[in-house]
Amino acid sequence: IVYLFFSPPFGDSRETFSLGQPMSATVKISGVVFPIRFDEGLTVAEALGRAGFRLNKTDELYPSADSQITAGTQVHWFPSRSIRIVVDGSEQLVSTTTVSAEEVIIHAGIALDDDDLVTPLRESAVSDSTKIVITRVEVREEIKEAKIPFITKTEDDDELSWRKKIVKQKGENGTRTTTYRVSYHNG
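Numbering follows the working numbering, in which position 158 of the sequence shown is assigned residue number 158; successive positions increment by one, without gaps.
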């Protein structure tokens, strides 16, 4: 048996490993740490694969998948999720490692207006079963005008004959303008 002395880059401690024996590292997924054992000379992806983890091309790994794994390495794995987004009359599937609905929308390259509605809420956490629905909202001002009839006021004048009336107040029809804010959803 040959012994190799390894000094990690941080701290003064020394660890002893025997060549040909499995080494150990940890994988951290969503805050949960899993120990793994692997043979020397493997990449991160190979070590995870042999430990039973299935990686997707869109997963994020630190260190990267093609980095060589060494004893004591802590691998941070952010598995991608497939999230469905319904927007503008179509549905698309987005593979992402982002956490919130808003981050998924940004990752997909979808522009939102301040008035657009997002279900679930933009701040909500997403999972594989999440379906994000974006409702486009357009707010327009609409103006309605209505005529206001004018009433002419007349009075009997004692100085004139008994059938004669005098116009006390003249005028013309007016206009009432009402402005409405109308919301249109998806068109």
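None of these hints come from the bench; they were simulated from the model. Heads up, the beta-carbon is just placed ideally off N, CA and C, and yes, glycines get one too. Worth double-checking, as some hints may not be accurate.
Computed beta-carbon distance windows for the label pairs [as the list claims (entries may be wrong)]:
{"id": "1", "residue 1": "183", "residue 2": "35", "range": "53 to 63 Å"}
{"id": "2", "residue 1": "115", "residue 2": "40", "range": "49 to 59 Å"}
{"id": "3", "residue 1": "135", "residue 2": "107", "range": "17 to 27 Å"}
{"id": "4", "residue 1": "146", "residue 2": "117", "range": "47 to 57 Å"}
{"id": "5", "residue 1": "74", "residue 2": "107", "range": "19 to 29 Å"}
{"id": "6", "residue 1": "67", "residue 2": "31", "range": "14 to 24 Å"}
{"id": "7", "residue 1": "32", "residue 2": "143", "range": "35 to 45 Å"}
Subject to a maximum C-alpha distance of 16 Å in a straight line, what follows is the list of computed EDC-like cross-link-like pairs (lysine to aspartate or glutamate) [stated by the list, open to error]:
{"id": "8", "residue 1": "131", "residue 2": "103"}
{"id": "9", "residue 1": "131", "residue 2": "102"}
{"id": "10", "residue 1": "57", "residue 2": "40"}
{"id": "11", "residue 1": "144", "residue 2": "155"}
{"id": "12", "residue 1": "153", "residue 2": "172"}
{"id": "13", "residue 1": "164", "residue 2": "142"}
Which of the listed hints are broken here? 4, 7, 10, 11, 13
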